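S.K.: Protein chains in written order, with this note's numbering: chain A, 1 to 407; chain B, 1001 to 1316.
Everything labelled a hint here was simulated from the structure, so no lab data went into it. Incorrect hints may have been included.
[Unchecked claim] For lysine-lysine, the following BS3-like pairs were computed, each having C-alpha atoms within a straight-line distance of at most 30 angstroms:
no.	chain 1	residue 1	chain 2	residue 2
1	A	Lys201	B	Lys1100
2	A	Lys392	A	Lys295
3	B	Lys1184	A	Lys201
4	B	Lys1266	B	Lys1311
5	B	Lys1205	B	Lys1237
6	A	Lys300	A	Lys245
7	B	Lys1088	A	Lys201
8	B	Lys1252	B	Lys1296
9	A	Lys381	A	Lys295
10	B	Lys1271	A	Lys201
11	B	Lys1279	B	Lys1311
12	B	Lys1311	B	Lys1252
[To be verified] Taking CB as the label site, the calculated pair distances span:
no.	chain 1	residue 1	chain 2	residue 2	range
13	A	Ser42	B	Lys1311	41 to 49 angstroms
14	B	Met1288	A	Val200	47 to 55 angstroms
15	A	Ile224	B	Val1197	32 to 40 angstroms
Please read these numbers as outputs of a predicted model, since none were measured by experiment. A virtual CB, placed ideally from N, CA and C, is assigned to each residue, including glycine.
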Amino acid sequence: MLGTVKALNGAEAVALAVRQCNVDVISAYPITPQTIIVERLSEYVANGEIYAEYVNVESEHSALSVCMGAAAAGARTFTATSSQGLALMWELLYVTSGLRLPVVMAVVNRALSAPINIHCDHSDSIGARDSGWIQFYVETSQEAYDTVIQAFRIAEHSEVQLPVMVNLDGFYLSHTLENVSTLPDSVVSDFVGFRRPVNVKLEYLGREVPAVLDGITPISLGIIALSDYYYEFKMMLIEAMSKAKSVIREVNNKYREISGRGYGDGLITSYGVEGADAVLVIMGSAAGTVRHVAKELRSKGMRVGVLKLRSFRPFPHEEIVKALRGVKAIGVMDRATSPGAYGAPLFNELRNAFYDLDDRPVIINYIYGIGGRDLEPLTVKHIYEDLLETAKGVRPSKYVSYVGVRR
Amino acid sequence: MTSISIKELVKVRPKLLPGHRHCPGCTAPIIVKLVLAVVDEPVVVVNATGCLQVATTIFPYTSWGVPWIHNAFENAAATASGIEAAFKALRKRGAISDDKVNIVVFGGDGGTYDIGFQSLSGMIERGHNILYVLYDNEAYMNTGIQRSGGTPYGASTTTSPYGTVIPGKPQHKKPIADIVVAHKAPYVGTATPAHWVDLINKVKKALSITGPKFLHVLSPCPRGWRYDASMSIEICKLAVDTCYFPLWECEKGTWRLTDRSLIIAKNPALKKPVEEFIKTQERFRHIMSERSEMIKELQAYVDAMWEDLLKRAEVK
Chain A
1 MLGTVKALNG AEAVALAVRQ CNVDVISAYP ITPQTIIVER LSEYVANGEI YAEYVNVESE
61 HSALSVCMGA AAAGARTFTA TSSQGLALMW ELLYVTSGLR LPVVMAVVNR ALSAPINIHC
121 DHSDSIGARD SGWIQFYVET SQEAYDTVIQ AFRIAEHSEV QLPVMVNLDG FYLSHTLENV
181 STLPDSVVSD FVGFRRPVNV KLEYLGREVP AVLDGITPIS LGIIALSDYY YEFKMMLIEA
241 MSKAKSVIRE VNNKYREISG RGYGDGLITS YGVEGADAVL VIMGSAAGTV RHVAKELRSK
301 GMRVGVLKLR SFRPFPHEEI VKALRGVKAI GVMDRATSPG AYGAPLFNEL RNAFYDLDDR
361 PVIINYIYGI GGRDLEPLTV KHIYEDLLET AKGVRPSKYV SYVGVRR
Chain B
1001 MTSISIKELV KVRPKLLPGH RHCPGCTAPI IVKLVLAVVD EPVVVVNATG CLQVATTIFP
1061 YTSWGVPWIH NAFENAAATA SGIEAAFKAL RKRGAISDDK VNIVVFGGDG GTYDIGFQSL
1121 SGMIERGHNI LYVLYDNEAY MNTGIQRSGG TPYGASTTTS PYGTVIPGKP QHKKPIADIV
1181 VAHKAPYVGT ATPAHWVDLI NKVKKALSIT GPKFLHVLSP CPRGWRYDAS MSIEICKLAV
1241 DTCYFPLWEC EKGTWRLTDR SLIIAKNPAL KKPVEEFIKT QERFRHIMSE RSEMIKELQA
1301 YVDAMWEDLL KRAEVK
């Protein structure tokens, strides 16, 4: 079903999706470049367009705390932040996933201080990779809209019950107008329904009860578990994250049925990877730039492709290896740094995924776009040319490159 | 305000059940039981990280007979705000009944004076309908008696130890309840578990008022204050009798002294020197034995605060 096409920036697309998703409680704190999301949502609430309670808090720490309390009481909740705001939420990211609260958060990616910078890179959310949140990285405002809608179903799925972070590049997406095909309110509402808490069996009550603070059922949430039980709790979270893979696929397919749009298998999308000599792996808005260059090079007969990673958590290592089987040279584009590490986080995980193969490709890290530095098509072209040389058997001079930085 | 009798009180189903791991003589569970005895269900209890949280919920056990959540140290007030907002939204969409759900927060002095202060301030400013109960044992007891904004002048803690250069905590206790009053919260009161009728009446009055309510309850700690575990209630009485911890309430800007503090205000001869309170506790031992000038300083502070309170409560 095709909906109405609207000219929206990424932030507005996120806000519109939230408006349509029967969200009960919204709480957020303003930070550039996330602000448009919370401004639009405030307008929706002020004008009675949605019934949600909007709690204007005094910090991002409290924003997530409000969402957590509300989610624990059975509400569907949404928050949004960027950079320092996400950093301030840090300890609670782990509590949210540990308490299995299906909060959905949009992170408008922005570099971390110091020096202070308002522009895009992924160091804010990549740093949170081990916090037990599902992480999506979107390429367009359209994908931001679609992914927020999917996020609620994935987070609240009975097999998952985990928080979801939808990451969109600051300014490149949040502040850039794009034609976004939107669905009618009723279609989205039917797709996401209302939050229905899962049941848990409480031994001391001898029955199943909804796992929410309803004022009556004596459930204790946020207990202390020491060395005798903590590990089991963590393991359940790890297993839920693993199960999320098939749920992401399933929701992506269901969403395709109502919208006509899907994103590969929900985890990765690829362009030109079959039979390719060189492939670039990337997340976020720059995937568009890379695909544009790949198309141009392919028209000249060069066998290059693009693999866009949509889900960084769970990390689809099997799917990536399968999709890139036979590719000789892989370039991994990281928009975050890890000072002191051998390469950046995406590179490390992706390279690790190929380790068990007998015939491993050469995998090279290209770190780009830090603090909002533009990735130009010409740079991407040079990277592809390097990779094609490598694919021919030329040993690369280095495996970790910082692209576009003055030294 | 009709008060509740002990006979009635013991018939109330306890919401904090036996078997918790609080130390002998700890007043925190007494405070919780007294408060919750007069809080009607449905109720949700929110707990900041601290002694109360860890001693009542060691997995796979829980002592809580009512819905209970602990999120983190500094965000109990924000978590409670979210719960309140959730009930509003769920009512709007018809997912739950219109029954009032009481939301009660228990936070220690660390989680209230210090790390949780911003979150508390936000909760009050936004006007959430929540009762916040501070159980004040005057230091970070859960981590081993470190000083907090609630630790009194001169007290020796593990991070304000009695040393040859610095003799215990150099600063006075932060006037937390006054600060909450300054937020224009509709109800603020102080209480101790020794003056339990007063405490219960204040909880009942607080719950009859819509908006953010704050109850500051003194919670003596035998381990941290260094006294015999049988003395907790006696020490509460001395705290009030010396006016170190006066009992008062401020309802929509009107201050009133209550219980024993009202009696002392009307008969100043009953006011005991602060020494009577501090001499019962080893945390003040050095003051008693070597630093008499510090007793004078503490007495002067207590007197000034008490005089100020008498003026506010317009006791002639």
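S.K.: Given the proposed pairing of A/Lys300 with A/Lys245, does the C-alpha separation stay at or below 30 angstroms?
M.R.: Given that 30 angstroms is the threshold and the Cα spacing comes to 37 angstroms, the pair is violated.
S.K.: Is B/Lys1205 within 30 angstroms of B/Lys1237, Cα to Cα?
M.R.: Answer holds: B/Lys1205 to B/Lys1237 is near 22 angstroms, not above 30 angstroms.
S.K.: Take the C-alpha atoms of A/Lys392 and A/Lys295, compute the straight-line distance between them, and say whether it is at most 30 angstroms.
M.R.: Roughly 21 angstroms separates the two Cα atoms, so the pair holds.
S.K.: Under the criterion that the straight-line Cα-Cα distance not exceed 30 angstroms, is the pair B/Lys1271, A/Lys201 satisfied?
M.R.: violated, 56 angstroms
S.K.: Check the hint pairing B/Lys1252 with B/Lys1296 against an upper bound of 30 angstroms on the C-alpha distance.
M.R.: violated, 35 angstroms
S.K.: For the hint 32 to 40 angstroms, verify it against the beta carbon of A/Ile224 and that of B/Val1197.
M.R.: holds, 34 angstroms
S.K.: If you draw a straight line from the CA of B/Lys1088 to the CA of A/Lys201, is it 30 angstroms or shorter?
M.R.: Measuring from Cα to Cα gives roughly 27 angstroms; hence the hint holds.
S.K.: Would the pair A/Lys201 and B/Lys1100 pass a check requiring their Cα atoms to be no farther apart than 30 angstroms?
M.R.: holds, 26 angstroms
S.K.: For a C-alpha distance cap of 30 angstroms, please report whether A/Lys381 and A/Lys295 respect it.
M.R.: holds, 11 angstroms
S.K.: Lying within 41 to 49 angstroms: is that true of the beta-carbon distance A/Ser42 to B/Lys1311?
M.R.: holds, 43 angstroms
S.K.: Would the hint linking B/Lys1184 and A/Lys201 be met if the CA-CA limit is 30 angstroms?
M.R.: violated, 43 angstroms
S.K.: For the hint 47 to 55 angstroms, verify it against the beta carbon of B/Met1288 and that of A/Val200.
M.R.: Holds - the Cβ-Cβ distance for B/Met1288 and A/Val200, about 54 angstroms, lies within 47 to 55 angstroms.
Hint compliance for this structure: hints 3, 6, 8, 10 are broken, all remaining hints hold.
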